[in-house]
Amino acid sequence: MAAEPGLQELRELVAEFQPGRGHVLPALHKVQHTYGWVPRAAIEVIARQLNTTPALIYGAVTFYSDFRTHPPAKYEVAWCCGPACRLRGGEAIREAIQEELGIGLDEQTPDHRFGLHVGQCNGTCHEAPQIWVNGRVRGNLTPESARDLIRSLRDGE
Amino acid sequence: MNARLQKLIADAKAAWQAEQASGRVRIRVTLDTSSIARGAEETLARLRDAAASRKIDADVGITGSWGFCWMEPCVSVRSAAGTHAVLYGNVTPDRVDELIDAIAAGRDLPSLALGVIEGNATPDIPLLEDHPFMKGQVRRLMANLGRTDPENIDHYLAHGGYEGFGKALEMDAEAIVKEVLDSGLGGRGGGGFPTGRKWDFLRNATASPRYLICNADEGDPGAWVNRILMEGDPHLIIEGMLIAALASHADEGYIYIRYEYPLAFERMKKAVAQAYEKGLLGKDILGTGKNFELIVFLGAGAYVCGEETGLINSIDGYRGMPRIKPPFPAQAGLWNKPTNVNNVESYANAPLILRNGAQWWSSVSDAKEKGTKMFTFSGHVKQAGCIEIPFGPKVRTLLEQYAGGLSGDLPLKGFQPGGPLSGVLPASDIDLTLTLDPYRERGMFLGSGGVVFFDQSACIVDLCLFFLGFCEDESCGRCTTCHGGTQRAVEILRRIAAGGGRDADLDNFEKLIGTLVWSNCLHGQFAMTSIKTSLKTFRDEYVEHIVDKVCRAGVCKGLMPGRWARRAAPQPAAAAAD
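In order, the protein sequences belong to chains H and Z. Numbered as in our numbering, the first sequence ends at 157 without a single skipped number. Numbered as in our numbering, the second sequence ends at 578 without a single skipped number.
Honestly, the hints are just simulated from the structure, not real lab data. For glycine and all other residues, C-beta sits at the position ideal for the given N, C-alpha and C. Hints are supplied without guarantee of correctness; some may be wrong.
Below 30 angstroms or equal to it, Euclidean Cα-Cα: the simulated DSS-like pairs (lysine-lysine) are [what the hints assert, rightly or not]:
{"#": "1", "chain 1": "Z", "residue 1": "K511", "chain 2": "Z", "residue 2": "K536"}
{"#": "2", "chain 1": "Z", "residue 1": "K135", "chain 2": "Z", "residue 2": "K368"}
{"#": "3", "chain 1": "Z", "residue 1": "K269", "chain 2": "H", "residue 2": "K30"}
{"#": "4", "chain 1": "H", "residue 1": "K30", "chain 2": "Z", "residue 2": "K368"}
From chain Z, some residues computed to sit far from chain H (all C-beta separations above 10 angstroms) [claimed, not checked]:
{"#": "5", "residue": "A37"}
{"#": "6", "residue": "R54"}
{"#": "7", "residue": "L127"}
{"#": "8", "residue": "I228"}
{"#": "9", "residue": "A300"}
{"#": "10", "residue": "R319"}
{"#": "11", "residue": "G357"}
{"#": "12", "residue": "A384"}
{"#": "13", "residue": "P390"}
Far from chain Z by the CB rule (all over 10 angstroms, computed), these chain H residues [to be verified]:
{"#": "14", "residue": "R11"}
{"#": "15", "residue": "E16"}
{"#": "16", "residue": "H29"}
{"#": "17", "residue": "P71"}
{"#": "18", "residue": "R88"}
{"#": "19", "residue": "T109"}
{"#": "20", "residue": "H112"}
{"#": "21", "residue": "V118"}
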């Protein structure tokens with residue numbers, strides 16, 4: 001598990017952002033881009049930098065589904081929940097992956113190698129049903145090929 | 001026209017012509033999210049390797065989407081003499097060597113060819129414009145896609161880019177608004193409100209500064225027209241916003257892009273930086289004394305930020321919860337200052353209107369809605385892709401001609417015109433046109449252009465469970481009618497799907513339909529649309545689920561599979577249920 005960054009480091013990271021300029025989301029993006037997640041300490045540092053309350057920053061972090069409050073797994077699997085994927089058997093893909101990994105949505109395996117979460121349609125519906133592994137589309141899946149994909153990642157590529 | 005702009009355009013045209021006359025084979029690979037999902041990065045790398053190792057003497061570059069998303073990666077190859085060019089599809093990494101061999105030998109590769117894009121047809125390869133997918137399309141917004149490099153502002157300038165802005169610079173704000181009003185351009189995000197009137201509201205606002213926002217939070221699952229435009233021709237949107245800024249005296253603009261579109265975000269940022277570099281954005285634009293700052297803003301995963309006031313709160317740094325209107329954004333929007341919000345496609349049309357005139361722009365469509373409209377289509381179809389067509393095609397045309405028909409052997413069950421809030425219609429409505437009125441009359445709406453088709457293997461209860469589950473997840477939580485109502489709807493649908501349907505459930509749905517319309521924003525008001533519309537046309541199927549405990553599609557696991565469940569694994573109960 002990644003260690004939480006120090007306060008000074010966080011302060012320097014968000015020093016460019018200013019109050020009242022719409023900088024809440026850009027600051028959170030920069031933190032998550034740097035560490036892969038938004039550590040608790042960052043919420044207070046951003047609040048101070050933007051002259052607002054930690055509650056407001058925390059409110060934003062929890063409102064938007066793409067901010068993580070815990071470190072990402074080595075393989076973040078996003079399961080596309082869009083209509084084309086669902087019509088083409090997406091539910092069975094989710095069930096196969098959940099069974100293969102032994103975890104549910106928004107969970108990680110105990111060894112932090114795999115995380116599973118819902119992904120919103122990115123308009124590559126020609127590849128339905130699909131998942132994205134660390135942002136890369138793996139499409140035209142069947143339950144079997146989805147299991148094989150997870151196994152090949154787990155067995156070390 | 002502004003002398004500095006004239007010089008930019010002349011230089012860009014000269015550079016483009018020099019590039020065309022290089023005497024080398026010219027290869028352009030479509031590089032967007034759709035093609036990357038099908039291996040375009042590797043295809044591009046292999047072609048570049050072949051060019052570097054001199055196996056082929058070629059200039060290899062990137063371009064935007066042709067709309068053939070299901071056949072990506074698409075690659076166009078133009079002969080060294082510049083007289084003959086062919087578009088190829090399905091050039092996946094495992095087939096790119098065939099193409100490299102053909103180019104090296106100086107011949108075409110008919111097995112992968114989609115059509116000839118420059119020069120005459122050959123005995124083996126017809127013209128691309130004769131391809132069934134291209135027939136009937138009118139590519140105006142998409143004119144540069146497949147032809148220019150979206151990351152190169154000079155390519156845009158060499159193809160009429162910023163000419164509309166140049167014309168607008170010589171007009172006063174009122175005249176620009178009039179031109180856009182005359183064109184009949186309506187908002188492309190689904191509302192259809194006249195874009196010119198929106199600009200006029202901002203023009204007449206008294207406070208300053210004033211803000212323009214481009215809503216690129218294309219959250220409707222199954223819609224990707226804005227992504228195609230941003231990834232394929234980002235300057236079209238910048239130019240549209242510049243024209244809007246002149247028309248409404250705006251000082252600053254934001255392009256709000258959803259988090260799921262990282263490539264669109266990068267391309268848009270790059271394009272904005274190039275526009276600043278050329279003096280098209282910032283202070284004293286092209287020496288005219290006019291200022292306009294443009295910021296590309298990344299969302300973070302919230303569907304409801306597609307609602308304009310939710311989007312404004314999101315830029316503000318708050319949770320993206322829609323505000324109560326009035327005040328409308330034109331009075332008090334971003335930081336409580338006058339603000340105008342338009343969809344990507346709405347802004348993108350402005351350069352075409354200014355460059356070619358309102359008359360030219362609107363003459364293309366016979367429908368009440370003017371101009372062209374982009375659509376994407378997906379679901380149980382053979383071809384999931386993107387088209388641009390004069391407003392008003394029939395749904396049937398979309399399905400049969402452009403989507404290539406249904407992918408399976410089951411009959412069509414229905415379709416969704418655009419997004420999870422837009423509702424579902426049965427196959428018998430396939431001859432409706434894709435215009436605003438037919439859907440308004442049915443208490444639904446057209447949406448932003450992502451049509452989803454489904455065949456008889458889809459279960460209406462399951463589909464509504466998906467749509468309502470989406471609405472529940474994405475409810476901002478402000479109104480009890482919405483966040484509580486969608487929860488109740490999902491609970492009832494889940495119970496029906498699990499075999500616990502009760503006689504009262506259909507009445508309960510009616511109650512929820514009557515309740516959710518009291519929500520503050522469109523999200524809550526339209527969350528029940530899929531249930532409302534399907535209760536009318538698919539009522540039998542609900543009754544089967546609730547009374548007979550049969551799911552005719554065999555999707556709901558708590559029920560006996562019915563007559564369309566033949567593709568599901570055979571179950572002992574199947575025969576009895578049918």
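Tested hints:
With a CA separation close to 15 angstroms, the supplied pair K511 (chain Z) and K536 (chain Z) stays within the 30 angstroms bound. Under the criterion of a C-alpha separation no larger than 30 angstroms, the hint pairing K135 (chain Z) with K368 (chain Z) is consistent with the structure, at around 22 angstroms. Only pairs whose Cα atoms come within 30 angstroms are accepted, and K269 (chain Z) paired with K30 (chain H) is accepted, the gap being roughly 16 angstroms. For the given pair, K30 (chain H) sits about 46 angstroms from K368 (chain Z) by alpha-carbon distance, which is inconsistent with the 30 angstroms threshold.
Look at A37 (chain Z): its CB is around 4 angstroms from the nearest CB on chain H, not clear of 10 angstroms, so calling it non-interface is violated. Taking the minimum C-beta to C-beta distance to chain H, about 31 angstroms, the non-interface status of R54 (chain Z) holds against the 10 angstroms cut. For L127 (chain Z), the shortest C-beta to C-beta distance to chain H comes to about 24 angstroms, beyond the 10 angstroms cut-off, and the non-interface label holds. With 10 angstroms as the threshold on Cβ separation, the claim that I228 (chain Z) sits away from chain H is violated: the shortest Cβ distance comes to roughly 8 angstroms.
A Cβ of chain H approaches the Cβ of A300 (chain Z) within 10 angstroms, the least distance being about 3 angstroms, so the stated non-interface status is violated. Not every Cβ of chain H is farther than 10 angstroms from the Cβ of R319 (chain Z); the closest lies at roughly 4 angstroms, contradicting the non-interface assignment. Against the 10 angstroms criterion, G357 (chain Z) stays outside the reach of chain H, whose nearest CB is about 32 angstroms from its own CB. Against the 10 angstroms criterion, A384 (chain Z) falls within the reach of chain H, whose nearest CB is about 4 angstroms from its own CB.
Taking the minimum C-beta to C-beta distance to chain H, about 23 angstroms, the non-interface status of P390 (chain Z) holds against the 10 angstroms cut. Non-interface status of R11 (chain H) relative to chain Z is upheld: no Cβ of that chain comes within 10 angstroms, the nearest being about 18 angstroms off. Distance to chain Z confirms E16 (chain H) as a non-interface residue, since its nearest Cβ pair spans about 14 angstroms, more than 10 angstroms. The claim that H29 (chain H) lies off the interface is violated: its Cβ sits roughly 6 angstroms from the closest Cβ of chain Z, which falls inside the 10 angstroms cut-off.
The Cβ of P71 (chain H) sits about 18 angstroms from the closest Cβ of chain Z, beyond the 10 angstroms cut-off, so the non-interface label holds. The claim that R88 (chain H) is not at the interface with chain Z is violated, since a C-beta of that chain comes within 10 angstroms of its own (minimum 7 angstroms). The Cβ of T109 (chain H) sits about 23 angstroms from the closest Cβ of chain Z, beyond the 10 angstroms cut-off, so the non-interface label holds. With a cut of 10 angstroms on Cβ distances, H112 (chain H) stays outside the contact zone with chain Z, its closest approach being about 22 angstroms.
Listed as a non-interface residue, V118 (chain H) fails to keep its Cβ farther than 10 angstroms from every Cβ of chain Z; the least gap is roughly 8 angstroms.
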